[in-house]
Amino acid sequence: MSLFSPEEGWYHKKVSKDEKMWMVIALVLCIMLFVWMVLWHVYGRQNPSSITYRTNTVEFGKLSDAYVKQNMVGMDKGVPIVRPQPNSDVFVHAQMWRWSPVLIFEKDQSYKLHISSTDVQHGFSLQPVNMNFQVYPGYDYVLEFKPTETGEFKIICNEFCGIGHHTMIGKIVVIEKDEDLKQYGYENLKKAPDTIATQNSGKPLSEAEMVLAGEQVYTLKGCITCHKTDGTTIIGPAWNGLYGKEEKVIENGKTISIKVDDDYIKESILHPQQKITVGYEKTPMTTIPLTDEEISQVIAYIKSLK
Amino acid sequence: MFRTCDITGFKVDLQSQKLIKVNAVFAVISLLLAVVAAILLVFTRYQPVHLLGAEWYYRLVTFHGLNALIFWIIFFEVAGLYFGSTVVLNSRFCAPRLGWIAFGLMAAGLVMSNVIILMGKADVMLTSYTPLKAHPLYYLGIILFAVGALVAVILFFGNLMIAKREKTYGESLPLFTYGLMTAAIIAVITLASGAIIYIPTFLWSLGIIDNIDPGMYKLIWWGLGHSSQQINVAAMVSIWYMVSQLSVGGTSINERISRSAFVLYILFICLASAHHLLTDPGVSSAWKVWNTSYAMYLAVLASMIHAFAVPSSFESAQRRWGYNKGLFQWLSKAPWGNPAFSAIILAIIGFGFIGGTTGVIFGMEQTNIIVHNTIAIPGHFKGTVVIGTTLTFMGITYYLIPLIFRRKIVGFKLAQWQPWLFFIGIALLSISMIVLGQLGVPRRHWDSTFSGAPFNYNFNPAVDFFWALMMLGGVLAFLSTLIWILIVVFSVTIGKKITGPQDMQLKVSPLAPPAKKHKGFEAPGTLILTLIFLLVFMALFFLNWKWLAATWNVK
Chain A
1 MSLFSPEEGW YHKKVSKDEK MWMVIALVLC IMLFVWMVLW HVYGRQNPSS ITYRTNTVEF
61 GKLSDAYVKQ NMVGMDKGVP IVRPQPNSDV FVHAQMWRWS PVLIFEKDQS YKLHISSTDV
121 QHGFSLQPVN MNFQVYPGYD YVLEFKPTET GEFKIICNEF CGIGHHTMIG KIVVIEKDED
181 LKQYGYENLK KAPDTIATQN SGKPLSEAEM VLAGEQVYTL KGCITCHKTD GTTIIGPAWN
241 GLYGKEEKVI ENGKTISIKV DDDYIKESIL HPQQKITVGY EKTPMTTIPL TDEEISQVIA
301 YIKSLK
Chain B
1 MFRTCDITGF KVDLQSQKLI KVNAVFAVIS LLLAVVAAIL LVFTRYQPVH LLGAEWYYRL
61 VTFHGLNALI FWIIFFEVAG LYFGSTVVLN SRFCAPRLGW IAFGLMAAGL VMSNVIILMG
121 KADVMLTSYT PLKAHPLYYL GIILFAVGAL VAVILFFGNL MIAKREKTYG ESLPLFTYGL
181 MTAAIIAVIT LASGAIIYIP TFLWSLGIID NIDPGMYKLI WWGLGHSSQQ INVAAMVSIW
241 YMVSQLSVGG TSINERISRS AFVLYILFIC LASAHHLLTD PGVSSAWKVW NTSYAMYLAV
301 LASMIHAFAV PSSFESAQRR WGYNKGLFQW LSKAPWGNPA FSAIILAIIG FGFIGGTTGV
361 IFGMEQTNII VHNTIAIPGH FKGTVVIGTT LTFMGITYYL IPLIFRRKIV GFKLAQWQPW
421 LFFIGIALLS ISMIVLGQLG VPRRHWDSTF SGAPFNYNFN PAVDFFWALM MLGGVLAFLS
481 TLIWILIVVF SVTIGKKITG PQDMQLKVSP LAPPAKKHKG FEAPGTLILT LIFLLVFMAL
541 FFLNWKWLAA TWNVK
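In order, the protein sequences belong to chains A and B.
Each residue of the first sequence is one higher than the one before, starting from 1 at the first, in our numbering.
Each residue of the second sequence is one higher than the one before, starting from 1 at the first, in our numbering.
Hints were generated in silico from the structure; no laboratory data involved.
Quick caveat: nothing in here was measured; it's all calculated off a predicted structure.
There may be inaccurate statements among the hints.
[Unchecked claim] With a cut-off of at most 27 Å between alpha-carbon atoms, the simulated DSS-like pairs for lysine-lysine come out as follows: (1) 112/A to 555/B; (2) 17/A to 413/B; (3) 17/A to 333/B; (4) 546/B to 62/A; (5) 62/A to 555/B; (6) 164/B to 11/B; (7) 221/A to 133/B; (8) 497/B to 555/B; (9) 516/B to 333/B; (10) 325/B to 507/B; (11) 112/A to 546/B; (12) 20/A to 516/B; (13) 13/A to 325/B.
Based on the provided sequences and hints, a complete structural model is requested.
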């Protein structure tokens, strides 16, 4: 009796034939489910990896930046493009709100993706293949992918990562032969200026080189996610025509007027919460670690954008 | 102070009755908050309308999750625990004053967290995965609520002790209370996990602790988030058995089996959080496979046992009432005009066919790859928590109004329709979300046209159809929830007072006559139904693995 004490002898009541049958079927099914998962590790070709390395956001940021600088062959919508060698280690950097770099893979070749985040958690969702993995900061998750089809694929973010979550989308192109690159507009891939080499030569960069280097920083650090250069604004102010402009900003709760110059840009990068441009109070910028050199390159780049 | 119920004959402690009422009222308020947010969310994700801005969308996802999954369900469960440990046992409430303190803590938690969310200080989703950080008062609100709930659970055990000592019931606990007891035990484990993770996170938000490891956070948080779903399941199944007695005078055809199944929930739920780490870094495949299954999925087995035991309790009772013709006369002659009965049957169907099947399949290590964090996941738990738990709670409320609030149900005709409307609405919503998820659509995502992004992605064109279907289901579910809330509010405020059994609109059935000696099958109709369920499960199982096999290779 559901609401009364059970009748006498309930504990020793025989189990009916049909209930017994069902329980046996259910138990067999449950054991089968377990065995199935184990067997898939032996015979199946889609198994989440068990390899994770401990890292931290600064270290992973440096690793992936260095990786991209060394292997970058071009740029697509402000995101660097890398064409890794089959069976090589590839760094995939998730940050608010972009996936970097764009990757060119060859069909039926394996690539070891090291995926990590340098801010909050993200969701690596490869579409339209529909494969989904979680991305943590501080954990370098190594997944060895082997694409089984050619085409253009997108990585969307499916773990909430802040107000710009929906703009976080990356790209993977899978080709069979080099000619296939044409259909993705990637036939003229070339390398960006190698700032490291130039710096090592000891010569100071020319103004034009500074601008190029600044553009590279812009791409590498993902500034483009919030700051466009075509006048459109989504999350932060656009950069074209920004230099020398009068802007209203909020400092310590008071609205003041400032002129965008070297010092202001430098302060905005180092202490983004100090002065917040009116109209962008709800999307404050995160601190992005840049060296002084990189900052002056970015300033040169902003200056060049009329 | 007791009154003796003139309808059921139970002795009702008036202190306990008050506490049951106030917790139930707060449950309904939470549900109202949750569904108002829900309908706005539906019309935001439905792209042709795209109602809210990104900010408010994420804010209300957080708000909806907290109110629906935590406040509504736990307030209702506390009412249920008090009911099962006093009224059903003819016993008194051990410490009413403490009951009010527990309620006060929970109510304060509800207000605090909700206010902070609406102020825009906690746009972190219900899961608040670190390093996303909310205002400290948000975490504090949840901690207060959890402490209140823990006190309520302890009071439940106190009530059981008193009833046992004062011998207010027979030899063994009634099955309903036994089920609730397992729910309460799981609740202790769950709330302990909650404390272990929310207290350091609270300190972290205050700046006292430097870092909360995201992997550790997820592991322990889901010890709260997932295990608490097992409280819901245990409470819900207990109510199923109770409605079997109330509506047709039935009980489990073998109480030992049903009770053992409840125990399995306690024993095999401990690391339910593993289901949420299947495609995460940090833990190995061996860890994942072992901790999701313990080699044989005994928590799933428990639900499958109930899947037979609950319908067969109806079937067996109906057959003893004489509805013995063929395989399904027991079902066709069932009291379909009783909204509690129809709600429970629909909840069982929805929970099994939608929530249960997808839960098992999505919870396997490899198949999780094709659904993790897609909208199929909320689709799955709409099938468990909404069609299962919420509809069950709605159904039993139709008994609570006359028996506890002592009022007639206002708009009884509408009440008879409400469970069907809700079932159809959530079934459409849930199934569309599952299909959308299988097509790759992410959950918790403001704009599936990716406006402002460097690249674009167009989902399979079939998504448009399922978005529309989901919107339609959402509207139906919203309307039927509103109808339910209005019925409840009007009934308990202006409903006619109950003066005796003649005022009961829902039948309280006497116990079914004892069984004649029978040979062979006791519930052949149920066996057929469960076998149909098995076929559906197998079909979905192979379909999902086929889809998985078609993806890229990964290891």
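Unmet hints by their number, sorted upward, for this structure: When the structure is compared with the hints, numbers 2, 4, 8 turn out to be violated.
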